[in-house]
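Since the structure of chain A is already known, use the hints to place chain B on it.
Here are the chains, one letter per residue:
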Amino acid sequence: MSDPIRNITDFQLDVLREISNIGAGNAATALSKLLNNPVDMKVSRVLPLHFNDIIEYVGGAENIVATVFLRIQGDIAGSMFFVINTEVAKRLIEDMLGTLEADDFSEMGFSVLQEIGNILSGSYLTALSDFTGLDLQPSVPSLAIDMAGALLGDGLMEIGRSGDYAILIDAEISIRKLVQQIIVQNGGGHFFLLPDPDSFEKLFTALGVQNHGSS
Amino acid sequence: MEVVKVWMADSNVAKHPNSIRTTGLGSCVGVTLYDPTSKVAGMAHVMLPTSTLAKNDDFKNAKYADTALPELLDMVIKAGGNRSRLVAKMAGGAQMFNFNGSSETMRIGPRNVEACKEALKKLGIRLVSEDTGGNIGRTVELFTDTGVFLIRTATKQTKEI
Chain A
122 MSDPIRNITD FQLDVLREIS NIGAGNAATA LSKLLNNPVD MKVSRVLPLH FNDIIEYVGG
182 AENIVATVFL RIQGDIAGSM FFVINTEVAK RLIEDMLGTL EADDFSEMGF SVLQEIGNIL
242 SGSYLTALSD FTGLDLQPSV PSLAIDMAGA LLGDGLMEIG RSGDYAILID AEISIRKLVQ
302 QIIVQNGGGH FFLLPDPDSF EKLFTALGVQ NHGSS
Chain B
2 MEVVKVWMAD SNVAKHPNSI RTTGLGSCVG VTLYDPTSKV AGMAHVMLPT STLAKNDDFK
62 NAKYADTALP ELLDMVIKAG GNRSRLVAKM AGGAQMFNFN GSSETMRIGP RNVEACKEAL
122 KKLGIRLVSE DTGGNIGRTV ELFTDTGVFL IRTATKQTKE I
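Respectively, the protein sequence lines represent chains A and B.
Note that the numbering used here numbers the first sequence so that position 174 is 295, with each residue one more than the last.
Note that the numbering used here numbers the second sequence so that position 96 is 97, with each residue one more than the last.
Same shape as in the complex, but just chain B:
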């Protein structure tokens, strides 16, 4: 079994028996699509809510929620996933630093979560579980065998969703 790595502002797919993982999510969101029958999974490490924030046209789709999810859907389908069977899970979107009178930049975590939900809704994909918000960093891994989404925090606590 191999672990497929997803970098920041990046996306990838994993097929059975491999798992797919991204590390050190703060305000970023790790969003996954999974087909329980073909056991294909895709993950994007989304950094910002919307591509309207981009200062130029040359950007990676995985960076922004609104462009990341349509691209991830294509990738998962190409890898053998069936659109009608796909379910989504996600984690992250924390606010790592506490700032008084938080400006918009500081609230980016919750905005990322909202934007991912909106993008999933647009694509008609059901979000089955999430572990979002708070002020903790997370490392997440999706196992293609079971569809279990494992979340680990700095305090070594783990959680399955």
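Just chain A, with the same shape it has in the complex:
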């Protein structure tokens, strides 16, 4: 079988970018409603990256981030992350609860963040499923706040069985209020979608952009 990651075409990368925009767009709308505040979205990036570069991409293995992780099963399989820096996470909680949040996160704050992660990943995947017609069954999302390397490593396990590269589908959203307050440079959060290597064929077939027998 040909390596689905190395043989991906530019057109297919464009298609992945588009489905990421659709998923993140839906999630941004949901977050905007939740916060009653505008949420902006950047054009997604689709990057075939070595595992080491994926970890560097999120600020290095020791960068502390809040991450909601879920596994997708169903017609295609993959890992999905919603990653935000801890300062943004804190502000989000404060916004929702109307109280000051501790630096090491309260139990209440943690569940608020977990809930936001559930809503956002759910919105993203619903849009993805509607657009592709694929049946996607996400696991219950789980939140952890720790080193990025430790958290993202878990999502690379399954992909690691096939090789050392993954296609990182990155959608960045930002909460306008936080950007204006210069709390964060240019971000609120990132959605990372990492399909398992053997899912690309099914995904591209569903989208009508499969490789026609080319190697």
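Since the hints were derived computationally from the structure, they do not count as laboratory data.
These numbers come from a predicted model, not from an experiment.
There may be inaccurate statements among the hints.
[What the hints assert, rightly or not] Pairs of lysine-lysine, DSSO-like flavour, derived with a Cα cap of 30 angstroms:
| hint | chain 1 | residue 1 | chain 2 | residue 2 |
| --- | --- | --- | --- | --- |
| 1 | A | Lys211 | A | Lys163 |
| 2 | A | Lys298 | A | Lys154 |
| 3 | B | Lys56 | B | Lys123 |
| 4 | A | Lys211 | B | Lys157 |
| 5 | B | Lys122 | B | Lys6 |
| 6 | B | Lys16 | B | Lys157 |
| 7 | B | Lys56 | B | Lys16 |
| 8 | A | Lys323 | B | Lys122 |
| 9 | A | Lys323 | B | Lys61 |
| 10 | B | Lys160 | A | Lys211 |
| 11 | B | Lys79 | B | Lys122 |
| 12 | B | Lys118 | B | Lys79 |
[What the hints assert, rightly or not] With the C-beta cut set under 8 angstroms, the calculated list includes, among others, these residues of chain B facing chain A:
| hint | residue |
| --- | --- |
| 13 | Ser28 |
| 14 | Met48 |
| 15 | Lys61 |
Even glycine gets a Cβ: it sits at the ideal position worked out from N, Cα and C.
Showing chain B alone in chain A's frame:
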């Protein structure tokens, strides 16, 4: 003194006075072999328990516990380590995310730890200390001068084993 870096699914050796380090271990395991006399140390950043999980034959030995440790042993011996003096230490193997009804993939941390122990046993190398399990990320560094294995977590707590 230099710090030799070990990436995910990678292994390396360090000689005195250098140290060897890997960052952001979650369910992965950082396993080290150390010869206190020649002060040679090797470390592997193991990602998965067994190479039977590999979907093709072209993989890095350091990725799987069963292939990582024999290779690491060779590397350490080549660098001047003496097999009979080697001692092992390891850290990692956490479960970073809490999933209900954890499937096998989610339990990979504890499985990695078990597989490393089994591989060490097969090679006849004594495991002298470990800091494994839990739900925390770890950065680990082995100092060739003393053989001290330093573990640092996200909360900046440190521990020597």
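Do the hints match the structure? See the list:
1. A/Lys211 - A/Lys163: Roughly 22 angstroms between the alpha carbons, so the hint for lysine 211 of chain A and lysine 163 of chain A holds.
2. A/Lys298 - A/Lys154: holds, 14 angstroms
3. B/Lys56 - B/Lys123: It holds: about 24 angstroms lies between the C-alpha atoms, which stays within 30 angstroms.
4. A/Lys211 - B/Lys157: holds, 19 angstroms
5. B/Lys122 - B/Lys6: holds, 26 angstroms
6. B/Lys16 - B/Lys157: holds, 27 angstroms
7. B/Lys56 - B/Lys16: violated, 35 angstroms
8. A/Lys323 - B/Lys122: violated, 42 angstroms
9. A/Lys323 - B/Lys61: Judged against 30 angstroms, a Cα distance of about 27 angstroms means the pair holds.
10. B/Lys160 - A/Lys211: At roughly 28 angstroms apart (the allowed maximum being 30 angstroms), lysine 211 of chain A and lysine 160 of chain B satisfy the hint.
11. B/Lys79 - B/Lys122: This hinted pair holds, its Cα atoms lying about 21 angstroms apart.
12. B/Lys118 - B/Lys79: Holds. Lysine 118 of chain B to lysine 79 of chain B sits at ~23 angstroms (cutoff 30 angstroms).
13. Ser28: holds, 5 angstroms
14. Met48: holds, 5 angstroms
15. Lys61: holds, 7 angstroms
The structure fails to meet hints 7 and 8 from the earlier list, while all remaining hints are met.
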